[in-house]
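Protein chains in written order, with full-length UniProt numbering: chain A, 1 to 464; chain B, 1 to 464.
Keep in mind the hints are simulated off the structure, nothing from the lab.
Idealized CB from N, CA, C, for every residue including glycine.
A couple of the hints might just be wrong.
Computed footprint of chain A on chain B, listed as stretches where at least three residues anywhere in the stretch have a Cβ under 8 angstroms from a Cβ of chain A [said to hold, decoys possible]:
no. : region
1   : 307 to 314
2   : 322 to 333
3   : 344 to 356
4   : 366 to 374
Listed below, chain by chain, are the residues.
Protein chains: 2
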Amino acid sequence: MNAHRRLPHQLGVAELSAAFAHGELTARQATEAYLARIDSQDAKVNSYLHVTAHAALDAATASDARRAAGKALGPLDGIPIALKDNIDVAGVPTTAGIAVRRGRLAHSDAFVVQRLKRAGVVILGKLNMHEAALGATNANEAYGVCHNPHRHGFTPGGSSGGSGAAVAAGLCAAALGTDTLGSVRIPAAYCGVAGFKPTYGLVSTRGTVPLSWTLDHVGPLARKVEDLGLLLDAMAGFDSECAESRARTTGDTRYAGPYSQRLDGLVIGRVVGLEAVPLQPGVIAAFDRAIDTLRSLGATIIDVRFDGYDFTPLRLQALLTIEAEAAVVHADDLAADPDGFSETFRTFVGWGARQPAHKLAAAYRAVADVQLIARRALAQAPVLALPTAPHEAFAFADPVPHVQADLTSLANMARIPSATVPMGRGDTGLPVGLQLLAGEFQDALVMRVAAAYEAASASYVAPD
Amino acid sequence: MNAHRRLPHQLGVAELSAAFAHGELTARQATEAYLARIDSQDAKVNSYLHVTAHAALDAATASDARRAAGKALGPLDGIPIALKDNIDVAGVPTTAGIAVRRGRLAHSDAFVVQRLKRAGVVILGKLNMHEAALGATNANEAYGVCHNPHRHGFTPGGSSGGSGAAVAAGLCAAALGTDTLGSVRIPAAYCGVAGFKPTYGLVSTRGTVPLSWTLDHVGPLARKVEDLGLLLDAMAGFDSECAESRARTTGDTRYAGPYSQRLDGLVIGRVVGLEAVPLQPGVIAAFDRAIDTLRSLGATIIDVRFDGYDFTPLRLQALLTIEAEAAVVHADDLAADPDGFSETFRTFVGWGARQPAHKLAAAYRAVADVQLIARRALAQAPVLALPTAPHEAFAFADPVPHVQADLTSLANMARIPSATVPMGRGDTGLPVGLQLLAGEFQDALVMRVAAAYEAASASYVAPD
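Isolated chain A (complex conformation) (with noise of 0.2 angstroms):
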């Protein structure tokens, strides 16, 4: 299919790139495509809080610009995105989806903004978020629910929902999320798209609203993998004024295809043991056809189990640095005005701060700890896949599951890359998503099995 048949909002990031490299769409109509969807289409989405339409025309006419000089900056040039509102950009608000931060002007870029302006990307405008990014509903009381595309009055899944639901809507070519416990995953996975959570340290966090900065991981969502891996070459790198950053080098590893589509020769560990965590009926099936997928790609497929992994406790040991840490990050705002978060929130967060020393340090011990366990898995087989979420997108009016991020907040306590790629559709025929885990730093090795998998497979389909 030519790019130039399809509608800019159809594209992705490496097909609207091809785009303005044929001269067959400039940045600036690309953009003005995507302002318009925004503006006709957001309102039942609710996934922009606030939309730069100006700064990203102007970005837009710049890229044209330096195309046409022959200077075109890299196959992000002239790309429109949008990100998190915990996301910095310099002079736009940055609410991290707290009502006591609206309007709160963001002085400078964050360093994967930075790092994406120069690689020429245009910012469309920032987009829809659990509250202070903890919770994965997007039930945001402050600054309206944001839907689900797929189905209005679901969740998108959270905290990043806004990014899921924008670009399933095609709302943006790509977005980025946060991610501390699945928060990038598990709004990819509800919304049938594809979204990353690189190592720990591979991208710095500077510069966005923590939730807790040794959980938190910056990463991208798209409609398609290479996307993926075109948005993490431009964020991946060392940032010398980030306590958090481990990335030893720039440039040395490529995230972006072109990718093998066969996966002849490597070992796949299927995650066994997840009895603690109910499963919808719909996704242990959408797994067992991707596991047949992975294999009909030459990958041997073995069972592996995450030996000492107790996913509740584990969580709530997860759990307790966080709301620890979100109180140091929020303090002066909850001690000058507490009822600029809500009651959920506050309630939360205040236990949390209260427990025993002990407590939270026997909690960060349990947590490292999960480092070893993962170790010991991918000692077996260097890729694992199991699914995303247990379970499709829910209703706004169901409760909330409290499994929603077990199978995802693992790859944050090991600190190891972890990317969803929609696997089909669950019992309901919402979608659902695979996966895919692999040592720290072997952020490629996750990127490549991703696209081969989704190369196989029905990958992202477009909300009717």
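Using the hints, position chain B against chain A.
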């Protein structure tokens, strides 16, 4: 000087190794000489808590047999060393200097002990230490005071006081200690020997009794820098069973010599802005001479400051993390037999354990940010020099100076390598140490500068 003209206890690791290789001495003879010396000399020092004479003689005999068969294992084969008593040797008690642990046998070897045994070392025994490694005087209520071999009644420093004292007094060829805020380097400086704290995660701490799993490091003490390098070569390496292990590869860096005796082209930062830490005049004078020596070796000296580093507040933040973690480590023993700990220990740890979680989370954050402070300083000069301790060793009868670890603890929080080498004598004639720092995983660079300085300066001087 030929090695065989000197007594075994006057030889360092490399010198003993050469003497073995040339057939001038056997491991058995060296071991017997050390054991005899421990018998005759250690009563007044009290550096050994446990002498494993039988196992040592067996190991020495086995080493000699290997050598006779042409199968010597390398430069450490047959070298008699000793270990701080918080490092596990299978079948030998590990007290960690705590009364409640008296006689408690270790079930297996610590990671570093496995490594060193595989390299052929002979373990003479286990060394005195400050209770639980929390403190730097080695005035141990349960196991007795360990004295500085340079002046009886004076502290050898701590918490690895027995390690510093035994190396200085010639009661082992080298020793291992652990270092949480300076516990290898402070006793090395006070006792006039060399000591090394590696990059965090380069040497696994598995099988040591933790004080703080986030700040603990295992490191060597020896009379010569090249001996530190030989030990580090054997100790460093990835440990898949240690959450803190960050060594990516084994054997791709050598820490042992031969080292260049020149430092031409190297920029060394003299750390200034230490006004908050009262330095003894003799330490200042010795440090000025050391800087002159480094300059005479060809290094360019510039002034560098740790911008944003507040010595006392940061030491107190680190102390809170340590107390909370120590409460977790010793929880069972504290519950079962509180009188098995000193009142001082219980008071400190109990206070830390009861602080609210948000305070501990903030302390972890402040400690992590020291990585940034160090990176900014190291961006100006790849190697930094400062005194190891602000003063000489003090009498047990005198009050303990609070600033003991103020100059060493930065390297623990920043996770960077730090060496101490003797830089002559202070006001009252006791040894003082020069501290050298470099960036993460630049351990070999620190070793190289320390060796060049050592070769050009007074170096180790045996106690009278």
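Original post:
Where does the structure disagree with the numbered hints, that is, which hint numbers, in rising order?
Top reply: 1
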